[in-house]
Amino acid sequence: MNIVIRKCLLAAVLTVLAAFLTTGCATEHRFIKKTAFKDTNQIVIEFAGPVDEAWAKNPSHYSVYEKPDPDIKLKIQTITLSPDRKTVALTFADPLNQNQPHVLTATGITSEGKSLGTAILSVKKVYLGYLFSILIGAMIINNFVFTKYLGLCVFFGTSQKKSTAVGMGITFTIVIVVSAMMAWFLYQFVLRPYRLNFLQIVVFIGLVSLSVQAVDTILRKVNPMLFKAFGVYLVLVIANCIIIAVPLILADNEYNALESLMLALGAGLGFLIALFLMSSVRERLELARVPPTYRGLPIAFVVAGLFALAFLGFSGMSIF
Amino acid sequence: MPATTKTNFQLVSNGILNENPIFRLALSMCPAVGISTTVMNGLMLGIAVLFVQVFSSCTIAAIKNYIHPRIRIPTYTLTIATWVTVIDLVLAAYVPAAYKEMGIFVKLIVAFAIITMRLETFACKNTVSASFWDGIGMGFGFMFGMVALGFVRELLGMGTLLGYDVLGFRPLLFFVLPAAGFFCVGIMMAVFNYVEIVYNRKKRAR
Amino acid sequence: MKQIIRITVGLTISCLIAALVMGSVFVITDKAKRHNEHVNVQQTMLGLLGYSTSHPAPPELKLYSIYRYIFTDGNVNTLGYVLPVLKGGGVGYQLMEMDLDGGFVAQHPLDLAPEDASESAERSAALRKAIKPPKTFSYADATIVAKLGEKRLAYLLPGEFPGFKTFIHVMLALDPSFEILGLEITEQEEDPGLGAEIKQDYFKNQFKGKSFKKIKELHVVKEPLPEEYKAYLESQKGKESPIPKAELDVIRSRYQDRDIYALTGATISSKAVTDGVKNMVAKFAYRINRLDKVISARNIPAVF
Numbered sequence: 001m002n003i004v005i006r007k008c009l010l011a012a013v014l015t016v017l018a019a020f021l022t023t024g025c026a027t028e029h030r031f032i033k034k035t036a037f038k039d040t041n042q043i044v045i046e047f048a049g050p051v052d053e054a055w056a057k058n059p060s061h062y063s064v065y066e067k068p069d070p071d072i073k074l075k076i077q078t079i080t081l082s083p084d085r086k087t088v089a090l091t092f093a094d095p096l097n098q099n100q101p102h103v104l105t106a107t108g109i110t111s112e113g114k115s116l117g118t119a120i121l122s123v124k125k126v127y128l129g130y131l132f133s134i135l136i137g138a139m140i141i142n143n144f145v146f147t148k149y150l151g152l153c154v155f156f157g158t159s160q161k162k163s164t165a166v167g168m169g170i171t172f173t174i175v176i177v178v179s180a181m182m183a184w185f186l187y188q189f190v191l192r193p194y195r196l197n198f199l200q201i202v203v204f205i206g207l208v209s210l211s212v213q214a215v216d217t218i219l220r221k222v223n224p225m226l227f228k229a230f231g232v233y234l235v236l237v238i239a240n241c242i243i244i245a246v247p248l249i250l251a252d253n254e255y256n257a258l259e260s261l262m263l264a265l266g267a268g269l270g271f272l273i274a275l276f277l278m279s280s281v282r283e284r285l286e287l288a289r290v291p292p293t294y295r296g297l298p299i300a301f302v303v304a305g306l307f308a309l310a311f312l313g314f315s316g317m318s319i320f
Numbered sequence: 001m002p003a004t005t006k007t008n009f010q011l012v013s014n015g016i017l018n019e020n021p022i023f024r025l026a027l028s029m030c031p032a033v034g035i036s037t038t039v040m041n042g043l044m045l046g047i048a049v050l051f052v053q054v055f056s057s058c059t060i061a062a063i064k065n066y067i068h069p070r071i072r073i074p075t076y077t078l079t080i081a082t083w084v085t086v087i088d089l090v091l092a093a094y095v096p097a098a099y100k101e102m103g104i105f106v107k108l109i110v111a112f113a114i115i116t117m118r119l120e121t122f123a124c125k126n127t128v129s130a131s132f133w134d135g136i137g138m139g140f141g142f143m144f145g146m147v148a149l150g151f152v153r154e155l156l157g158m159g160t161l162l163g164y165d166v167l168g169f170r171p172l173l174f175f176v177l178p179a180a181g182f183f184c185v186g187i188m189m190a191v192f193n194y195v196e197i198v199y200n201r202k203k204r205a206r
Numbered sequence: 001m002k003q004i005i006r007i008t009v010g011l012t013i014s015c016l017i018a019a020l021v022m023g024s025v026f027v028i029t030d031k032a033k034r035h036n037e038h039v040n041v042q043q044t045m046l047g048l049l050g051y052s053t054s055h056p057a058p059p060e061l062k063l064y065s066i067y068r069y070i071f072t073d074g075n076v077n078t079l080g081y082v083l084p085v086l087k088g089g090g091v092g093y094q095l096m097e098m099d100l101d102g103g104f105v106a107q108h109p110l111d112l113a114p115e116d117a118s119e120s121a122e123r124s125a126a127l128r129k130a131i132k133p134p135k136t137f138s139y140a141d142a143t144i145v146a147k148l149g150e151k152r153l154a155y156l157l158p159g160e161f162p163g164f165k166t167f168i169h170v171m172l173a174l175d176p177s178f179e180i181l182g183l184e185i186t187e188q189e190e191d192p193g194l195g196a197e198i199k200q201d202y203f204k205n206q207f208k209g210k211s212f213k214k215i216k217e218l219h220v221v222k223e224p225l226p227e228e229y230k231a232y233l234e235s236q237k238g239k240e241s242p243i244p245k246a247e248l249d250v251i252r253s254r255y256q257d258r259d260i261y262a263l264t265g266a267t268i269s270s271k272a273v274t275d276g277v278k279n280m281v282a283k284f285a286y287r288i289n290r291l292d293k294v295i296s297a298r299n300i301p302a303v304f
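These protein sequences, in sequence, are chains A, B and C.
Each residue of the first sequence is one higher than the one before, starting from 1 at the first, in our numbering.
Each residue of the second sequence is one higher than the one before, starting from 1 at the first, in our numbering.
Each residue of the third sequence is one higher than the one before, starting from 1 at the first, in our numbering.
Just chain A, same shape as in the assembly (with noise of 0.2 Å):
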């Protein structure tokens, strides 16, 4: 029962996920149903009925700046209308910046004699994508132990057993999660506006601190069985550097409170990745002939080359 219950959640959200991933964004203007990016120099317009053809072929009825240049109009190469004059699509002379959101002005609409006014439309990659991106990004692209090298003490000190990685990894995501967000929030309404920047590191220590006692405390009175199990763990998240990293990168990027989320979310699911990777070859080289100067740590360092030499394949991936 309980299987069959997680199992419609999941699909669920998945398909909540689908629909808003291929869907593109919602738009300003009452007869315009989508805008949105295809290819590398081409905008679709989807209208909600049948607009005229002598309008819509017009490109002198078309203006499309990227938002930071609104001086500067994109130069349309050729117009297409689809056969039940519904989605016209604008082809560029060059390739767009997708990566930046762009203004569509289309004035006078014209849709079977009746004018329909004029319509400011931003186009823009889908948001979901871009945060589906960011968590992908810190957990896999830019992972935290294999690329960026940080939070390797304790990667080492609790990789030599699955168990304890994944109750590791797991404690972890929890805490990064609740503290980044607490650091989030501190940077963005206390130490910004009042321009006290330079006690970042001693506010986002602390952060980690509170959070990983508050986990302590609740965790320990909530669920004694759950305590038992990743109890240990918490007091060697605070040595971890990625959880006073993240804080960091979120301020210097200046994300908002969904971004800072994910990328806290991706940050320590990662780091449960990495352990647990690293924790299934080291169960192995247990039982591996290794020389003895190499015993223990120093063929562990070798391993984790090996694996940060396969993430950097991952390097420069993007993903939508």
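Just so you know, not all the hints are guaranteed correct.
Simulated restraints on C-beta separations [what the hints assert, rightly or not]:
| id | chain 1 | residue 1 | chain 2 | residue 2 | range |
| --- | --- | --- | --- | --- | --- |
| 1 | A | 67 | C | 211 | 29 to 35 Å |
| 2 | C | 53 | B | 43 | 51 to 57 Å |
| 3 | C | 217 | A | 161 | 40 to 46 Å |
| 4 | C | 216 | A | 86 | 21 to 27 Å |
| 5 | B | 172 | C | 169 | 26 to 32 Å |
Straight-line alpha carbon distances no greater than 30 Å define the calculated DSSO-like cross-link-like pairs of lysine-lysine that follow [unchecked claim]:
| id | chain 1 | residue 1 | chain 2 | residue 2 |
| --- | --- | --- | --- | --- |
| 6 | B | 100 | C | 33 |
| 7 | B | 100 | C | 31 |
| 8 | A | 75 | A | 125 |
| 9 | C | 2 | A | 221 |
| 10 | C | 214 | A | 75 |
| 11 | C | 31 | A | 67 |
| 12 | A | 125 | A | 162 |
| 13 | A | 73 | C | 293 |
Quick caveat, the hints were computed from the structure, so don't treat them as lab data.
Don't be surprised by glycine CBs; every beta carbon is placed ideally from N, CA and C.
Based on the hints, put chains B and C in the right spot on chain A.
Chains B and C only, in chain A's frame:
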């Protein structure tokens, strides 16, 4: 651990060799892997860590009798964070170029296990002067580790030392690549282990 | 109970002391930091113009900064330029508003002293006084015009664009006909040994001397950098070069109109820099022409 009976010289050499933070205690590995690509980086971060270690050790040793045991750890954290902030601001103001190279790692000194560990095991039980020498030893030990790694990686990877062209060509670009940091640290640790094994064998033979 | 009070008092005192230490260090270093940053930027700019300690800049050389803002009023955007102008024998600042098609809208005097103009907070304060509330403004970019005596020597453009890992910050120098005088990478976090090589002479000097026409269709080619070209590129740094001058000129003319040779193992970084530079030059040339037209049409006493 009771108050130390070691001389100042022993305290310093202990930090550099027997209890080298990077190769023997295996603490503070992140910068050792992350930014040891050049000697200069290693030197700069080494100086920063030396500063924080010495000042934190002295501070804690000086006020150890006034710290309530219940708030020992928060006090340590606060002390370290304060000195890290100080060195962070100073480096950012006076050596901006080197500071940019080190990126986030200066701020991350606050999470280095080595500093907290020395406060907990040494500074809170010893006098200010002993803590000072211990801090110097640990700081130089860290700096030595970083510079040694930087030396190997810069020489083999870029063919330069401290930015000066020494070899005139690049033997193995691989060593400068980020992932090679792991290999270098692993190999260096193995070298330290080897020396220890040989040393012990000789001692036993005697 | 007594214990709690002791702990609280102890913690408060240590926090106060820590705050005192950090605060005073911040106050002391902040000024030095700004000063050093300013000096650094200044040095980068002079370096791009070909001046160094052994070949100092002449006293007639003046650098003027123009700041561009975007004003938004409902759905209408306009451009606002904070321009250095002649004011009673000295230099003052003026705000000139321009519509998106290059037409003049309005001009306002600004209460901004020349030495404060480089501080963004001071500029914002002056702008807030000059424009009416429903209109909001956001900072876009800055351009520095280098003037030697009466004639424009160069434009210096600070800029940034996404690289392989994070943003790459650069400073670009153009001569009045938009030919590239030099490129300096001021900040980058690419991979050491691979993408970080963009800051090496043999990559960034390839941009030097590219004409405006060539920049428009500049590409990156994945070919090994020819040895003689590499030697030429590395000889630029004022050091005694082993290659005779006549030969240098031959090599320069040979490679003048070539594309940019990509760095080994870092094609994406090379392409990011090339595209970024291309973009900066195209946008800047478009804007400065419009700005100059308005300035001469309205007889604004601009100093640059």
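Consistency of the hints with the structure:
Hint check: residue 67 (chain A) to residue 211 (chain C), Cβ distance near 31 Å, so the stated range 29 to 35 Å holds. Distance hint check for residue 53 (chain C) and residue 43 (chain B): the Cβ-Cβ separation is about 25 Å, which falls outside the suggested range of 51 to 57 Å. At roughly 59 Å, the beta carbons of residue 217 (chain C) and residue 161 (chain A) sit outside the given window of 40 to 46 Å. Roughly 37 Å separates the CB atoms of residue 216 (chain C) and residue 86 (chain A), a value that falls outside the hinted 21 to 27 Å.
A beta carbon spacing of about 30 Å between residue 172 (chain B) and residue 169 (chain C) agrees with the range 26 to 32 Å that was offered as a hint. For the hint pairing residue 100 (chain B) with residue 33 (chain C), the CA-to-CA distance comes to about 13 Å; that is within 30 Å, so the pair holds. Restraint check for residue 100 (chain B) and residue 31 (chain C): the C-alpha separation of about 18 Å stays at or below 30 Å, so the hint holds. Proposed proximity of residue 75 (chain A) and residue 125 (chain A) is supported: the alpha carbons are some 20 Å apart, at most 30 Å.
For the hint pairing residue 2 (chain C) with residue 221 (chain A), the CA-to-CA distance comes to about 27 Å; that is within 30 Å, so the pair holds. Among the hinted pairs, residue 214 (chain C) with residue 75 (chain A) is consistent with the structure: their alpha-carbon atoms are about 20 Å apart, no more than 30 Å. Restraint check for residue 31 (chain C) and residue 67 (chain A): not satisfied, since their Cα atoms lie roughly 35 Å apart, outside the 30 Å limit. Of the supplied pair hints, the one linking residue 125 (chain A) and residue 162 (chain A) is violated, its CA atoms being roughly 39 Å apart against a limit of 30 Å.
At most 30 Å may separate the alpha-carbon atoms for a hinted pair to count; residue 73 (chain A) and residue 293 (chain C) meet this at roughly 19 Å.
Of the numbered hints stated above, those contradicted by the structure are hints 2, 3, 4, 11 and 12, listed in ascending order.
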